[in-house]
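Protein chains in written order, with my numbering: chain A, 1 to 297; chain B, 1001 to 1637; chain C, 2001 to 2142.
What the hints contain is simulated information worked out from the structure, not anything from laboratory work.
It cannot be assumed that every hint is accurate.
Pairs of lysine to aspartate or glutamate, DMTMM-like flavour, derived with a Cα cap of 25 Å [to be verified]:
id : chain 1 : residue 1 : chain 2 : residue 2
1  : A       : Lys133    : A       : Glu84
2  : B       : Lys1536   : A       : Asp16
3  : B       : Lys1536   : A       : Asp5
4  : A       : Lys38     : B       : Glu1503
5  : A       : Lys133    : B       : Asp1632
6  : B       : Lys1509   : B       : Glu1499
7  : C       : Lys2054   : A       : Asp217
8  : C       : Lys2054   : C       : Glu2069
9  : B       : Lys1509   : B       : Glu1414
10 : B       : Lys1536   : A       : Glu220
11 : C       : Lys2054   : A       : Glu28
12 : B       : Lys1536   : A       : Asp212
13 : B       : Lys1476   : B       : Glu1503
14 : B       : Lys1536   : A       : Glu85
15 : B       : Lys1476   : B       : Glu1414
16 : C       : Lys2054   : A       : Glu214
17 : C       : Lys2054   : A       : Asp67
18 : B       : Lys1536   : A       : Glu71
19 : C       : Lys2054   : A       : Glu220
20 : B       : Lys1536   : A       : Glu171
21 : B       : Lys1536   : A       : Glu214
22 : B       : Lys1154   : B       : Asp1276
23 : B       : Lys1536   : A       : Glu28
24 : A       : Lys38     : A       : Glu179
25 : B       : Lys1476   : B       : Glu1376
26 : C       : Lys2054   : A       : Glu168
27 : A       : Lys127    : A       : Glu179
28 : C       : Lys2054   : A       : Asp212
29 : B       : Lys1476   : B       : Asp1354
30 : A       : Lys129    : B       : Asp1632
31 : C       : Lys2054   : A       : Glu171
32 : B       : Lys1536   : A       : Asp217
Where chain C lies over chain A, by a calculated footprint (3+ residues, C-beta under 8 Å) [said to hold, decoys possible]:
id : region
33 : 89-100
34 : 157-171
35 : 174-187
36 : 213-226
37 : 273-285
Yeah, the Cβ is synthetic: ideal placement off N, Cα and C, and Gly gets one too.
The residues making up each chain are set out below.
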Amino acid sequence: MTIVDFQDVHRAYTRDADVLAGVTFSIEPRQVVGLLGKNGAGKTTLLRIAMGMIEPQQGSVEVFGVDPRHEPMQVKRQIGYVSEEQILPPYLRVDQIIALHKGLFPTWDDDLARSMIERFATPGRQKIKTLSKGQARQVALLCAVAHRPGLLILDEPAGGLDPAARREFLETSIQLLNESGTTILFSSHYMTDVERLADRIVMLHEGRILIDTELDDLRENYSLALVQPDGRVSRERLLALDACLGVRERSDSLHAVFELEPARVEEVLHRELGVGNARCTRIALEEMFIELAGGQG
Amino acid sequence: MIRIWHDDAMRWLPLWLTITMLNTSVLLGIVLWRRATGSENLQPPTGWLLIILWSAIAFYIVFGHVRTRCQRLEMTLPISSTALWRRHFGAVFLAGATVLGGSLGVLALHAGMMSKAGRLRFVTIPYFSLVGPLLAGLLLAAALVNSVEPGLQKLRGRGSYWALVLGSLAGIALLLLLLEPWPWASTGICLALAIVVSHQTQRALPAAFRLVPTAASTDSADRAVAASTDQAGNRWQVYRTLFNILHTAPPWKQFTPWLVHGFGALMGFVLAGGIDRWKEAADMRFLYLPFGCYMLFAGTGILTYNLFRLDSLPVSRRTILTVLLLPGLIAYSAGYAAGWWARTTAPNPSPLVDFHVREAHVEIDPHAEDGTKTTEVRTMVWVEVDSSFMGIQWTGVPPMLTSPWGETHEAWHEEVLRGSSTLYFNPYNTTEDTSPEFEALMLSRAIEDVYGRTISPEVLQERYFVVENNRVVALKPELRRIGPDSRVVRPREGLPLLEDYPELQAPPKGPETAVYLLLVLGPWFLLTAFFLHFFKATRSNRFIRGVYWAGLAIPMLGMLSNVLLSVFGLFSPAAGRGSLEIMIRSLGTSPSSWAATWLACLAAIGASYFLALRRFERAEIPTSAINCSLVDWGQED
Amino acid sequence: MQFVITAGSELPIYRQLMRQIRDAIAGGRLRPGDRLTSQRELAQQLVIAPLTVKKAYDELEREGLIRTERGRGTFVAVAASPLDPTQQRQRLQDPVRQLLSRARLAGVSFAEVISLLEEVRAELQSERESREVPQNDGSEGV
């Protein structure tokens, strides 16, 4: 059963700008999908639509085969959600929060919860507001994970955390992957974390999906070409090429991202535009993000 | 019915029959025979009989073997759970009815024995008005008891089960007692509720009964679903934590919703007429209707602050709405109950029929030639009744009161709303020129209309009026009497009707609780629905706050306009309140209209609640808190 | 057996892992019959997705370098690869192609490439030889 299925989803908050303008993708079980995009590109909106917190104005959404707006309880029982925002009520104690989640999720695994509490050394009787950000996020992660959800939705889960806390988060996620084969949909700005965890990348840009491929495919078959602008070559001409995803103008060169491996890109540039001195390399995720999100595609 | 005799409830019936019959006999003996020792009226109030008979049924429901739905053997047979459930339901009802029959037999025995004793008066048992409500109540109790944990073969005797059982038994008893004068109403209500409850339960039946409860089912087949008995026990903890989360606020600011609930309770008290005990403030009850709604809605808005914390959790919107609305509702109801109690136990309730004697200075000759004003002291008398017995004239023509011998005058009236044709008038009004016979006639009519008792005008005139120059000038002073121990027996001014005719029973005021509930809860839920309608991600938090303030303004404006219009003489609050009370009383004239009003009001309240629920289910809760109160919960200070 | 993964480098993580395992086998640090860390544990250790580890292991298995036995674990292949020489040769096409085009872009001549190949070969040889002499001082090796 497809875990998440978005079909041509549109959503806007104001009359002039669409935050999501026709998003279509689906997630199969056991996939780990990293959602990338600039701030305001619609990542949070997409995740909230998947949770059923917001309604798509056009198009359809199905999570675990049902519309999360129609069957919110059924969907939410199988989802673990962690967000960068502090949702946990600050004046409640940690053990009260855990007891609440235990009562709400029928598939709560006491042993897993206990092992996580031990591992994180979570202080049980402290109020949430006395915890550090990392500790509070750990509590949130614990609550999201201990009921062995079929889908884990993480909205910038490592935002604001120190590297050790971020690493902890990763390790817990990987443990969950190992043990339960949970499907994970997460958004993050830490590209290294994304590379370690995700096997698929979905990049949102200006309300649409710009890239939706496997991460390894991205690494091997996408490249960055650095081209000197001259008479023959310009931004528009580069964009006109089929395989070109985006071009960013720098002071003395054009950075273009292509959906081909470097050797082929050289050939294409040479063939179509007569360019012979372009530098084509494979591109790391962070660079690709910068080039695409910074430029206009 | 598959082998109804096999059900545990029936198999143990003989034992419980014997026990309950003995029980009933003892109780009846205490109630009936004690009265025989005095010279009191032997007829026991129907209420007592009802309670005694109901206790037999209740005893059976609590102690009888009603928890086992089917035998284990039957679980292995190809019998559907619906059939088994129905069988069990039928068995419980039949057994309970048998128990009732047994106790009725005991009752008949006692009554027969008493009448056979000769010198005692014959005791009449109103069997028909007992059997109907009791059977319907039994049906409802059986339905409620069977509605718990529909999937289990045998219900577990846990705290929540006993709470439900005892609560329903007490509740049904209360209902039957309250509606004791109208047996059709109680029978109908119990029957209707029983049908609803059993229908709901049947829908929730699984395909087969289970021995052990399972946790709520999830879709995923490869997850082990463990049966955990403490899962359901956690429910109250979950509700409590949800409640706490909604009330999350910096510690010293947490008082805000409680303050509002306190005001809500106060409003309940006022709107139940509780203030009547201390001062004649009946109009306040009418004027403050919008304010009750205002307070309740204010509380609801404040509590939406922490909704974003619950959005990602598998908590149904219905549950959240309940936790949102229930505290205010409870506070209001508690205040209302307290006010109702205060009003009904007030030591000196204002009389329903009264006769006023006032002295007034009247100008005799306004057009005297020398411009002097001569005033004379004249005595004005008139009959006054409680506002619910006043009259409404729709046509705008001043009503005329006519005596059988042709004497007529215009009744006192005032416009409800200036410019409208609706007049609020006193149908028993008299002027200073009215003859004593007419006065007495008016008084007699008033007593008849209010109390249903005919006292002839001659008797009244003879007894109460001081007549001079063919006009009533005063009430007889002997009415103010000193008793044997030098205490003033009749201290009040006015007509001592109730002291002279103690058998006069005040008529029921009609379904005023229902109407007042509707007038407060209905708008509250509607305002909530209106407010929640704007919970969309396209609306900014500021906008939503604005909607909240607008929602608060509506009842506020209602109140203000009430007050302003009356200050400027454009609206008469007394007439307004009177019209409402007249309407309420007319809705309570027959038990069926009374019950129908209740049903209609509850249905209307229910409908507006469901409107709010639908809006909430479609709402998109903002990610950050909406601060609807003047006290900002986000600031730690 | 410690591996080092660098996220954000040009090479995908699974390839990094493959290369390191391959190097380890070629350099004798992993001998035929040695047991490799289980996929789950490796994922946990290196803090990478289990799927990535699986991918690396699957690829290496396809190349014949390692072998998975159900219920017992993953081991370095004992015999020579079951793939025939032509297929093996085919698999070298891409890396060679990459090498040569990068060399051309970098302006390195073909002769220099050949000398580079011989240098690296000598290195690997010496590594293997030092492995075959048991080390008593527990040092990591050359």
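Now the hints, each set against the structure:
Taking the CA atoms of A:Lys133 and A:Glu84, the gap is near 10 Å; set against the 25 Å cutoff, the hint holds. Proposed proximity of B:Lys1536 and A:Asp16 is supported: the alpha carbons are some 17 Å apart, at most 25 Å. Simply put, B:Lys1536 and A:Asp5 have alpha-carbon atoms about 23 Å apart, close enough for the 25 Å limit, and the pair holds. The suggested pairing of A:Lys38 with B:Glu1503 is violated, with an alpha-carbon distance near 84 Å, which exceeds 25 Å.
At roughly 23 Å between alpha-carbon atoms, A:Lys133 and B:Asp1632 fall within 25 Å of each other, so this suggested pair holds. With a C-alpha separation of about 21 Å, the suggested pairing of B:Lys1509 with B:Glu1499 holds against the 25 Å cut-off. Proximity of C:Lys2054 to A:Asp217 is assessed by CA-CA distance (about 16 Å); at most 25 Å being required, the pair is judged to hold. Among the hinted pairs, C:Lys2054 with C:Glu2069 is consistent with the structure: their alpha-carbon atoms are about 14 Å apart, no more than 25 Å.
Our distance criterion of 25 Å between C-alpha atoms is met by B:Lys1509 and B:Glu1414, whose separation comes to about 23 Å. Taking the CA atoms of B:Lys1536 and A:Glu220, the gap is about 43 Å. The hint is violated against a cut of 25 Å. At most 25 Å may separate the alpha-carbon atoms for a hinted pair to count; C:Lys2054 and A:Glu28 meet this at roughly 18 Å. Under the criterion of a C-alpha separation no larger than 25 Å, the hint pairing B:Lys1536 with A:Asp212 is inconsistent with the structure, at around 30 Å.
This hinted pair checks out: B:Lys1476 and B:Glu1503 have alpha carbons roughly 22 Å apart, not beyond 25 Å. For the suggested pair B:Lys1536 and A:Glu85, the alpha carbons sit about 20 Å apart, so the restraint of at most 25 Å is met. In summary, the hint linking B:Lys1476 to B:Glu1414 is not supported, as the alpha carbons are separated by about 31 Å, beyond the 25 Å threshold. Only pairs whose Cα atoms come within 25 Å are accepted, and C:Lys2054 paired with A:Glu214 is accepted, the gap being roughly 15 Å.
Taken as a hint, the C:Lys2054 and A:Asp67 pair is broken in the structure, with Cα atoms around 33 Å apart against an allowance of 25 Å. Restraint check: the Cα-Cα separation between B:Lys1536 and A:Glu71 comes to about 19 Å, which is no more than 25 Å; the hinted pair holds. Restraint check for C:Lys2054 and A:Glu220: satisfied, since their Cα atoms lie roughly 18 Å apart, inside the 25 Å limit. Of the pairs offered as hints, the one joining B:Lys1536 and A:Glu171 is violated, with about 37 Å between alpha carbons and a cut-off of 25 Å exceeded.
A C-alpha spacing of about 35 Å is found between B:Lys1536 and A:Glu214, which places the hinted pair above 25 Å, so the restraint is violated. The suggested pairing of B:Lys1154 with B:Asp1276 is violated, with an alpha-carbon distance near 52 Å, which exceeds 25 Å. With a CA separation close to 30 Å, the supplied pair B:Lys1536 and A:Glu28 exceeds the 25 Å bound. Of the pairs offered as hints, the one joining A:Lys38 and A:Glu179 is violated, with about 32 Å between alpha carbons and a cut-off of 25 Å exceeded.
Between B:Lys1476 and B:Glu1376, the direct Cα distance comes to roughly 22 Å. Compliance with the 25 Å bound is thereby established for this hinted pair. For the hint linking C:Lys2054 to A:Glu168, the alpha-carbon distance of about 22 Å falls within 25 Å, and the restraint holds. Only pairs whose Cα atoms come within 25 Å are accepted, and A:Lys127 paired with A:Glu179 is rejected, the gap being roughly 30 Å. The hinted pair formed by C:Lys2054 and A:Asp212 meets the criterion: a straight-line CA distance of about 21 Å does not exceed 25 Å.
Of the supplied pair hints, the one linking B:Lys1476 and B:Asp1354 holds, its CA atoms being roughly 14 Å apart against a limit of 25 Å. Taking the CA atoms of A:Lys129 and B:Asp1632, the gap is near 18 Å; set against the 25 Å cutoff, the hint holds. Under the criterion of a C-alpha separation no larger than 25 Å, the hint pairing C:Lys2054 with A:Glu171 is consistent with the structure, at around 17 Å. A threshold of 25 Å between alpha carbons decides the hint, and for B:Lys1536 with A:Asp217 the separation of about 39 Å lies outside it, so the pair is violated.
Figure legend: the region 89-100 of chain A, annotated as covered by chain C; annotation inconsistent (0 residues with Cβ-Cβ distances under 8 Å, at least 3 required). Only residues whose beta carbon comes within less than 8 Å of a beta carbon in chain C count, and the region 157-171 of chain A has 3; three or more means the coverage holds. Counting residues of the region 174-187 of chain A whose beta-carbon sits less than 8 Å from any beta-carbon of chain C gives 4, enough to reach three: the coverage restraint holds. Here the region 213-226 of chain A counts 4 residues with a CB under 8 Å from a CB of chain C, which clears the bar of 3, and the coverage holds.
Evaluation of the coverage hint for the region 273-285 of chain A: fulfilled, as 6 residues show C-beta separations to chain C shorter than 8 Å, against a requirement of three.
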